[in-house]
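J.: Residues per chain are reported as follows:
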Amino acid sequence: AQSVTQPDIHITVSEGASLELRCNYSYGATPYLFWYVQSPGQGLQLLLKYFSGDTLVQGIKGFEAEFKRSQSSFNLRKPSVHWSDAAEYFCAVGVYYGQNFVFGPGTRLSVLP
Amino acid sequence: GAVVSQHPSRVICKSGTSVKIECRSLDFQATTMFWYRQFPKKSLMLMATSNEGSKATYEQGVEKDKFLINHASLTLSTLTVTSAHPEDSSFYICSASGGPDTEAFFGQGTRLTVV
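Chains as they are written, first to last, in this note's numbering: chain A, 1 to 113; chain B, 114 to 228.
If you are wondering where the hints come from, they were derived from the structure by calculation, not from laboratory data. There may be inaccurate statements among the hints.
[Unchecked claim] Each computed DSSO-like pair below joins lysine-lysine, with the alpha-carbon atoms no more than 27 Å apart:
id, chain 1, residue 1, chain 2, residue 2
1, B, Lys133, B, Lys179
2, B, Lys177, A, Lys49
3, B, Lys133, B, Lys168
4, B, Lys168, B, Lys179
5, B, Lys133, A, Lys61
6, B, Lys133, B, Lys155
7, A, Lys61, B, Lys177
8, B, Lys168, B, Lys154
9, A, Lys49, A, Lys68
10, B, Lys177, B, Lys127
11, A, Lys49, B, Lys155
12, B, Lys177, B, Lys154
[Unchecked claim] Which stretches of chain A does chain B cover? Using the computed rule of at least three CB atoms under 8 Å from a CB of chain B, they are:
id, segment
13, 36-46
14, 100-110
C-beta atoms are modelled at their ideal positions from N, C-alpha and C, and glycine is treated no differently.
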């Protein structure tokens, strides 16, 4: 069965600092991988996705993620965090990218001024 | 990306009543729609998958008689929470896909509060 782990429940960084959110997955085939962001009380916004090809994926808002098959990881990074990045971040595996998702537990990001 | 609209965004209902949540694909035909539930401070859990014109497939542990899903057209799926109770209070979110090899897009979610 597919599963997604996000080891960090809550991360706090200072504004302007770099950020890395970890994501590990378990899936028998080539995964379709996603990162979503959710602001309080809001829906999901897609940050980026990986289907195939270049393992370094660029997304919106200055985020990027790197797919490492050997480590079953898809970590999200941003070189300089803005206060508006404070939110909940979910990593997800798409069984097929048009089909259902298995979400990780989420990482809450707090940003200090 | 394609647009999926969910309505209402927030709803408060009395215990024992039923509430209907709509999920619409605005600019594409959604052959498959998915319904997720998010408990407070928790991740999203798939409740059911619905294909247009077919009965929904429910995940284990989801009461199909409580959570009625209808996908009668290629642009609309509805989730009806029947005889709602306070423990049904949650954030419900849908996603829609144009087919097995096309990306799924999420609605903005519905916050249900049962009092």
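J.: Now tell me, hint by hint, if it's right for this structure.
T.: Cross-check of the supplied hints:
Using a Cα cut-off of 27 Å, the hinted pair Lys133 (chain B) and Lys179 (chain B) holds, with the two alpha carbons roughly 12 Å apart. Pair hint Lys177 (chain B) plus Lys49 (chain A) does not hold up; C-alpha atoms about 32 Å apart against a cutoff of 27 Å. With a CA separation close to 17 Å, the supplied pair Lys133 (chain B) and Lys168 (chain B) stays within the 27 Å bound. A hinted pair counts as satisfied when its Cα atoms are at most 27 Å apart, and Lys168 (chain B) with Lys179 (chain B) qualifies at roughly 15 Å.
With a CA separation close to 34 Å, the supplied pair Lys133 (chain B) and Lys61 (chain A) exceeds the 27 Å bound. At most 27 Å may separate the alpha-carbon atoms for a hinted pair to count; Lys133 (chain B) and Lys155 (chain B) meet this at roughly 23 Å. This hinted pair does not check out: Lys61 (chain A) and Lys177 (chain B) have alpha carbons roughly 39 Å apart, beyond 27 Å. For the proposed pair Lys168 (chain B) and Lys154 (chain B), the alpha carbon gap of about 31 Å is over 27 Å, so the pair is violated.
A hinted pair counts as satisfied when its Cα atoms are at most 27 Å apart, and Lys49 (chain A) with Lys68 (chain A) qualifies at roughly 14 Å. For a cut-off of 27 Å, the pair hint linking Lys177 (chain B) to Lys127 (chain B) stands: about 21 Å separates their Cα positions. For the hint linking Lys49 (chain A) to Lys155 (chain B), the alpha-carbon distance of about 22 Å falls within 27 Å, and the restraint holds. Proposed proximity of Lys177 (chain B) and Lys154 (chain B) is supported: the alpha carbons are some 24 Å apart, at most 27 Å.
Proximity of the segment 36-46 of chain A to chain B, defined as three or more residues with a beta carbon under 8 Å from a beta carbon of that chain, is established by the 6 residues found. Only residues whose C-beta sits within less than 8 Å of a C-beta in chain B count toward coverage, and the segment 100-110 of chain A has 7 of them, enough to reach three; the restraint holds.
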